[in-house]
Every structure is written in C-alpha cells, then in structure tokens.
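Undergrad: Take the given structure of chain A and dock chain F to it, following the hints.
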Amino acid sequence: MKSFKKILIANRGEIAVRIIRACRELGIKTVAIYSDIEKDSMHVRLADEAVCIGPAVSAQSYLNIPGILSAAEITDSEAIHPGYGFLAENPHFAEACATSGITFIGPSSENMRLGGDKAKARQIMKRKGIPVVPGSDGPVTSEEMLLKTAKKTGFPVILKASAGGGGKGMRIVHEEGTLEQAFHLAQREALAAFGNSELYIEKYIPVMRHIEVQIMADSKGNIIHLGERDCSVQRRHQKLIEEAPSPFATEKFRKKIGELAVKAARAMKYRNVGTIEFIVEPDGSIYFMEINTRVQVEHPVTEAVTGIDIIKEQIKLATGLPLEYKQGSIKPSGHSIECRINAEDPERFIPSPGKITFFYQPSGPGVRVDTAAYSGWVVPSQYDSLIAKLIVHGRTRQEAIMKMKSALDGFLIEGIKTTIPFHRKVLNHQDFVSGDITTGFIEKMGNGGAGNNKGQATSE
Amino acid sequence: MELEDLRELISLLKDTDITELQIEKDGTKVKIRRQTLLSPIEVQTKIPVSPEKAMEETGEEMQRLMTITSPIVGTFYRSPSPEAPPFVENGARVKKGEVLCIIEAMKLMNEIESEVEGIVMRNLVENGQPVEYGEPLFLIEPA
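Chains as they are written, first to last, in this note's numbering: chain A, 1 to 460; chain F, 1001 to 1143.
Read the hints as simulated data drawn from the structure, not as lab findings.
Straight-line alpha carbon distances no greater than 25 Å define the calculated DSS-like cross-link-like pairs of lysine-lysine that follow:
#1 F/K1107 / A/K5
#2 F/K1014 / A/K6
#3 F/K1014 / A/K29
#4 F/K1014 / A/K5
#5 A/K252 / A/K326
#6 F/K1107 / A/K6
#7 A/K444 / A/K405
#8 F/K1014 / A/K39
#9 F/K1025 / F/K1014
#10 A/K2 / A/K29
#11 A/K39 / F/K1031
Bound-form chain A, shown alone (with noise of 0.2 Å):
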C-alpha cells in the first residue's frame, strides 16, 4: 500500500485544475501535460511539471497515448489520473499504462469495456435481475429480430449505438414503417461516430427523470453508493444543471435506487470509482440505463451534500486502501445543484471562443466554482466549451435555489457569449423550481417562449 509521489494528469481545463488540488492535497507532486496552444492555461501554471506532449489537435496530445506515457516516463511519474472524456474510458490506454508500470486512477480496463458496451451491459444486469428498459436482449444482429423486438417492446423504440454516448447515434422510430430505414441510417451513423455500427433497442420514454448514482469500491469489493443526483436538466442529451439530493426522491426511493445502484456494480465486479445511470418513469419505475466508468463532470454536487472528496478518494483507492465509508455513515445532508457554464451563445448554443477581457467568480459560503479560466485567458476553439462549473449548496433546495441566482448574477465573464442567461432563466422557472422536472424540461421551456418566466405549462 504505497502512495503516490507524483501523479500525471490527462487531461486539461477545469477537471485538470480539479485533479491537481486534490493531488495537493494528498501532498503529491503533479505533472501537467499540454497541446502547443495550451502554454498559458491555468492546469500547467498550476502543476509542479509540465510536458508539451503534441499539436492542438486531440488526437495528438491529449488523446496522445505513446506521448502521455512518454511524458509520465521522463517525469517518473506513478500514477495516471485520465480524468474524464479523452482517455478516461479507454481500456487500451489503461491496459498501456499497466503495461508501462504506471498504475491508471480509475475502475479496471473490464469494467471500461462493458461500461462501453451498452447492449451487452444491459444484458448482464438484467440476467442479474437489475431492471432494465424494456427493449432489445443484447444487439440486434438482425432484421428479422429488429422487428420482433420492436413490435414486443411496443412503439416509440429508440435505437441506440451500442459503442456510442453523448447522445448521438440515436434515432427515435415511431411506427413500423420507417424501421427498416431508420435502423440502416442510424447504423451507418454509429459506425461513422464509433466506429461501431452495432445498435440495440429500447423503449422510447420520451417524458423522464434522469437519475444517477455515485459509487465508490475498493480492491477487495467493498462497495458503497454516495446517493443519488438528478440530471434532468438537458439539452440534446447533454446535461445541463444537475443537482443532489433529486426533488424527485423519497427516501424509500433513495434506498431503493442506491441498492439497486450497488448490485450493479457488484454484478461488474466494479472497482473505484463510477456511475450508474438510470431512467426512471413518472410512475417511479426505475430501469438502468448504463454505467459511467470514469469521475463525472457533475461529482462536485454528491461532494457538496455528503462531504467526501471523490478525486481524493479515487487516488487513495487506487494505492490498493480500503473504502474508508461505510454504507451507513453516508448521509446526504442539505442541498446541491451545479450549473455548467459554457462558452456557447445562451439561446443557440453555438460556441463562442476567444478572449476573456474580463472573468470575476462569485463566491462565499455554499459558493464554489470549478474552473481554469481566467482574465485574459484564450478560450480555445479545439476542445470542449466547457469553462466553469458553478455549484452551491444550501441547507433546502429553496436556498441553494436562491444561491444560485445571487451566485449566477455575480458571475462576472466578458469577451464571449456564455450560457449563464440561459442558467438564470432555469432558475426562475416555475416547472424548476417546483421540481417538476424531466427531460422535455429544456423544449417545453423553449415553447413557453424567451422571457416567459412565469412558465405557463404549454401542451407538448
């Protein structure tokens, strides 16, 4: 059981910065890669070394993988944090680390494969006898079983790319007619975007919660849940807003998605850190969904309520340490919500990069914000737009509701276009602040119209 003396992290931006403080923390020296254009950014100031791995261009630095460990060698480097995206869910990178003697922070390169696999994750769960949506038994391998499976599973079908994410390679079927043609399409979508054209189906819930839940295992298969956040603030699949505990939780259905959560995990033999993701029906049923075999963007909400430092804890159970919790001494307490905060036009989202002239956060009690960005900093158009979490936290969801809006109205960022406008109008939302929300959230609030803060509820 040794400790880290000195930790590379992969990646860049706000999570890069977040990895290091905590590596601060734990008293371990940090390396910083970057791409050439990325010189000034606030990760590689702030690490103890850095490295100039590649060009702009992903694929060339930060999914890099001879350059990163290239990098992680010359710096004698222990351990790997990949952080998430770019490697973060890649076996091989995990397997090329192991093989380079370099230990990779994160769940085992299996528990990466399945996590990859939606259709074949699904199937396991539900012969472990873990709810699923209702659709196909693993991939459809072929026209004959597409249609059987979707006449069983009963119109609107969703097809789905087994290798795929980030809501694309999805396509919505509404009757039987335009099946055949939309599983074509939305094969060769799936292989031009994973390079994988293999596709399952689901039930299509066009009206849903999105509810998540944090787990945590150690070496030795001890594993816990952290509670469960409510993601159901989206905007094309990407979330938006996420909060801790949902509004939507009992704490029946807190135990009861948390056991659930747990029995995942233990059915993938799960270890250190993840997310299991579920969907779940107006009615409270609750299907999975899939697992998120990485630290999420939004684990600052589950570190709010319950007090734990998850990138910490990734790196301690990466040394081979016991889970310090048990189940029963986690007990959310108070209220989270985070918004994301990207440079994008707040009512199209198309990315707006540049200069920042000028960046000002707000701050004070239950206020923290999660960023690299900084005054005069160059927000690049290469990588994602990203530039700052805001999260609060507040004893009832009213209050953090209230932090919120005062923390949002005292986010000063100048010289692009950002989505806080958007955040302020979510806020004021009745359907929000209610929390009526599922995922048709964000369209029926374009319905109601721009400014129409009252939110009249609109037909769909």
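TA: Below, chain F without anything else, positioned relative to chain A:
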C-alpha cells in the same frame, strides 16, 4: 558577450539549483531565469552600446538559422549507443534526411532527421536530457 558564453551560462543554470542569474560584462547585461515548466530557460539580453548593429547581426543570424524541434516527448541522445560517437558533431555538414539524434520514447528509439541540407551550428539540449514536443534540439545553417 558571445552566444557561446550564453550557452555556458545556461548550462550553469541547468546544473545547479539557481533560478535566476544576472551578469554584466563589457557593457552587456544578461538576465537568465528558470521557469517551473519543463521548457527552455528564458533568456533576456540587454543590447550593448551599438544597438542597431547588434540587433541586425542577431536578427539576421536567427533568420538564417533553422531550428530543428522535437516531434515527440522523450529522452534526447546524441549517439546511437552510449559508446558510439555522436550522429553529428557541431560544425558538421548534413544532408536533408540525415539522422541528427535519437529521441527515446517508451523504449523505442526514434531517429530525428534533418529537414534541410546545411551545417549543424549547435545543439540546444544535452545528451540524456528529457525533451517535450516542440523543444528546440539543433540550430542548422542551411547551405
């Protein structure tokens, strides 16, 4: 102050824990500061008595010279093996495509070739030194 002197000062800095060095000699003031990044040490030179002439020379010289930079992360070696002589000595003439050095990455030896025909003026990194992407390795005078 010759460029050779600057080189010597830079390696002096690298071999010690000194983070900043300021020297005044023959009317030239030089300040060299080490950054925390694994990148070349920053050099600031104050121009001596006849500024235009000095600027001209340095400017011209730098424009003439081609910098060969590292395309990968790894460890720089001047010779194919520890006992062997360097691939190229300073002052040697090289052809385009000729191997200048090896950068070892993940136990693989990557040969770095000259992009031009010319004379190797100087090496900018020492044997066994770790290098990053874009790190200047050699100055070559195309000829």
